[in-house]
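Residue numbers (the UniProt record's numbering), protein chains in the order written: chain A, 1 to 198; chain B, 1 to 566.
Take the hints with a grain of salt, since some may be wrong.
As the list claims (entries may be wrong) - Listed next, the in silico DSS-like pairs over lysine-lysine satisfying Cα-Cα at most 25 Å (straight line): (1) B:Lys414 to A:Lys194; (2) B:Lys75 to A:Lys78; (3) A:Lys181 to B:Lys355; (4) A:Lys128 to B:Lys482; (5) B:Lys358 to A:Lys194; (6) B:Lys75 to A:Lys82; (7) B:Lys414 to A:Lys132; (8) A:Lys132 to B:Lys348; (9) B:Lys348 to A:Lys128; (10) B:Lys348 to A:Lys186; (11) B:Lys80 to A:Lys82; (12) B:Lys482 to A:Lys186; (13) A:Lys181 to B:Lys194; (14) B:Lys562 to B:Lys35; (15) A:Lys181 to B:Lys164; (16) B:Lys75 to A:Lys86; (17) A:Lys86 to B:Lys80; (18) B:Lys77 to A:Lys82; (19) B:Lys355 to A:Lys186; (20) B:Lys194 to A:Lys186; (21) A:Lys181 to B:Lys414; (22) A:Lys186 to B:Lys197; (23) B:Lys77 to A:Lys78; (24) A:Lys194 to B:Lys194; (25) A:Lys194 to B:Lys348.
For the record, the hints were derived by calculation from the structure and aren't laboratory data.
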Amino acid sequence: MDRRKALRKTGLFAGATILMPSMLSLFESCKSENRLDWEPLFFTEVEAKTIASLIDMILPRTDTPGGLDVKSDIFIDKVIAKTYDKSGQENMRAEIAAFNENCKSKYGDVFYDLNEADKTTILNEAEKNSGKFGSGVWGTGVGPQETIGFYRSMKSMAIWAYFTAEEIGENVLSYDPIPGKYEPCKPLSEVGNKWSLG
Amino acid sequence: MANFNIDAKKELTYDAIVIGSGISGGWAAKELCEKGLKVLVLERGPIVEHVVDYPTMNLDPWDMELRGGLTPDQKEKHYKAIRSGWIGTDTEHFWADDAANPYTEEKPFLWLRGHQMGGKSLLWGKQTYRWSDIDFKANAEDGHGVDWPIRYKDIEPWYTYVEKFAGISGEALGLPQLPDSHFLPPMELNCVEKHVKGRIEEQFAGRNMIIGRVAHLTQPHNGRGQCQNRNRCSRGCPYGAYFSSNAVTLPPANATGNLTIRPYSIVQSLIYDEAKGKATGVRIIDSETNEDIEYSAKIIFVNASTLSTTQILMNSKSNRFENGLGNDSGELGHNLMDHTYRVGAIGKVEGFEDKYYKGRRPNGIYIPRYVNIDEKSKSDKFVRGFGYQGGAYRGGNPANIEAFGAEYKDSILKPGGWEMFITGFAECLPYHDNKISLNSDVLDKWGQPTLTIDAEFKANEKALNKQIQEDAVEMLTKAGIKDVLGFDNEHPPGYGVHEMGTARMGRDPKTSVLNEFNQVHAAKNVFVTDGACMTSSSCVNPSLTYMALTARAADYAVSELKKLNI
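Next comes chain A alone, as it looks inside the complex (with noise of 0.2 Å):
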């Protein structure tokens, strides 16, 4: 079955103001509880919840879903768990270690025990000092490209992850898998949001 669109019935039905209850329990658990709701294939318990925090800092729920809300954690588990090599998951297992490493260093706690300000202050640092992505032509940068840090990387894997989500590309993004004809000049407002499929 669809689970995503059973999900949604069900919110339907018990009120706009409720969000997906599974959702819901699953932002207690990381924050109450201390503990996942759900089994990761590559993270440890303790990179999940950083990356769920880190994830919940840069998309978080407003008047669309947030990125957990989508479950960009679990998938990002998924990516690094089925499409790294070994070099490129210890790479990874390092940097998260060294990102809790300086909020450790700073603020005495990984990053999500950490309090929303110490957070932020984490994060602006990072968007300094983590690199930019070059300009691409044709799937392949072109000119100069910076090294690009934890931070920056992540971010951009979140992004991804959110795009890609099928409740953000179907119901949030503008969605037209099948556009027919091309209309070369549109008022952005007669779209709206950006198209989801690229």
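Given chain A, put chain B in place with the hints provided.
Structure of chain B alone, referenced to chain A:
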């Protein structure tokens, strides 16, 4: 569409054998079948039936477990081709297995292959341009390589013939260096492209920016549907809206009842009969069973793709041809060319923030060659020329924005700023020392010798690239584009995927492999009409020329066959 006849067990003798089913092989099969010949097409990989065998054609990212990501096993399988940056879960099955089919790079060279029915016709870029007499005369005029044995007038009727069947969309310009095709209505430029076109054309006399001329249908054509602007072409098009062998040439070939297509057939060599002075058939290895089989035919079209075609000829050794079939000249394997790739400029466009587009147009802009086309445009830095492809789109990388949180998240749901790039394709000269050779030290999965590729771009190509980048920066800057960044990725040959040459056409058997009708000089019933036959490389995309040369050669082959000349 009826299923294909793949039963080549009973019958070992045909009128014609076509090796390969890509762009040129598909045309050879269609033309020969329609002229009444019993044709065996030998395909190295599996059958890919139009629509039926396009498993990913309708998948959204979230329908794929890894949303396009490749597993380490898939990366290993495509460990060379992955450098192209194009391979994802959606098309992985249409790219050849590099591990089973190794090749050796004496110098860096990216060899992209499609081992299935339809070959790379499923994956190509669909840009279709006629060559002009500037191209066909170039070697004779500047002395590089050997003269083409044909001129524009020889191929023009065949361009017309293949265009009318394939369906090419585009805009007629009347330029001598880029002759017009028979066009279906052009696709459209978006508002930024139109703006940039206007700025460039008013400031640079002799330069044009047009929508790409492409083998995409902009209206229904010959029973095929028009492009729906999904831009999922390389997965196979359910509408048959772009040219592929699978959608366009093989179905009518099949409809004649004259076609047998044998999948999993690796052609090991051609069989040459010294007494008859011609080839009598081919030896294949069944890639599934490892069985060796010989097939016979009166004529053989070798359309295995540029390098594979030459590999087969080189591997076809006999008393008469100790160095490969048709290699009296010593030129077989030499004069390998490709277009230069990813050198140009990119920048940001302001002032169109309220404009967007609908649809994912599988096409971009084209700037036809404007240097070395007449006395006035002559360069003292290089011979030959270049053209640009490119396009404008709303992009930007939201991960680069120095922000996070609620406001940031909501902002990135809107399209990013406009960007525009143009990237050049320069002609590559035919150099004798850009070559391939058989390598018996590295064998493929079936114990066959593989290729060593030894090719590089040289001073002329580097000078062209320098001009491409300078001009690109200048044009975008003068068009009012901001933060213009020139780039040259210095890709080695192969990245353009326009590999040409290694069995060139020519007037003189002493310096070429094929004659003016693509016949092997010394084995007239063997025809080569894929990229291997090319004598020079022009700067425009070559596939349309392969189609036209193939239809022309097939017509000639059948008339010669009827006259009992071959």
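Now the hints, each set against the structure:
1. B:Lys414 to A:Lys194: Distance of about 5 Å is within 25 Å: holds.
2. B:Lys75 to A:Lys78: 17 Å, holds
3. A:Lys181 to B:Lys355: Holds, because 17 Å separates the two Cα atoms, which is no more than 25 Å.
4. A:Lys128 to B:Lys482: 23 Å, holds
5. B:Lys358 to A:Lys194: 10 Å, holds
6. B:Lys75 to A:Lys82: 11 Å, holds
7. B:Lys414 to A:Lys132: 20 Å, holds
8. A:Lys132 to B:Lys348: Holds, because 16 Å separates the two Cα atoms, which is no more than 25 Å.
9. B:Lys348 to A:Lys128: Judged against 25 Å, a Cα distance of about 22 Å means the pair holds.
10. B:Lys348 to A:Lys186: 19 Å, holds
11. B:Lys80 to A:Lys82: 20 Å, holds
12. B:Lys482 to A:Lys186: Answer holds: lysine 482 of chain B to lysine 186 of chain A is near 23 Å, not above 25 Å.
13. A:Lys181 to B:Lys194: 18 Å, holds
14. B:Lys562 to B:Lys35: Satisfied, since the Cα-Cα distance of roughly 11 Å is no more than 25 Å.
15. A:Lys181 to B:Lys164: 23 Å, holds
16. B:Lys75 to A:Lys86: With Cα atoms ~13 Å apart, lysine 75 of chain B and lysine 86 of chain A stay inside 25 Å; holds.
17. A:Lys86 to B:Lys80: Status holds; Cα separation ~19 Å.
18. B:Lys77 to A:Lys82: 15 Å, holds
19. B:Lys355 to A:Lys186: Holds, because 6 Å separates the two Cα atoms, which is no more than 25 Å.
20. B:Lys194 to A:Lys186: 14 Å, holds
21. A:Lys181 to B:Lys414: 22 Å, holds
22. A:Lys186 to B:Lys197: This hinted pair holds, its Cα atoms lying about 18 Å apart.
23. B:Lys77 to A:Lys78: 21 Å, holds
24. A:Lys194 to B:Lys194: The given pair, whose Cα atoms are some 21 Å apart, holds under the 25 Å limit.
25. A:Lys194 to B:Lys348: 18 Å, holds
Violated hints are absent here; each numbered hint is respected by the structure.
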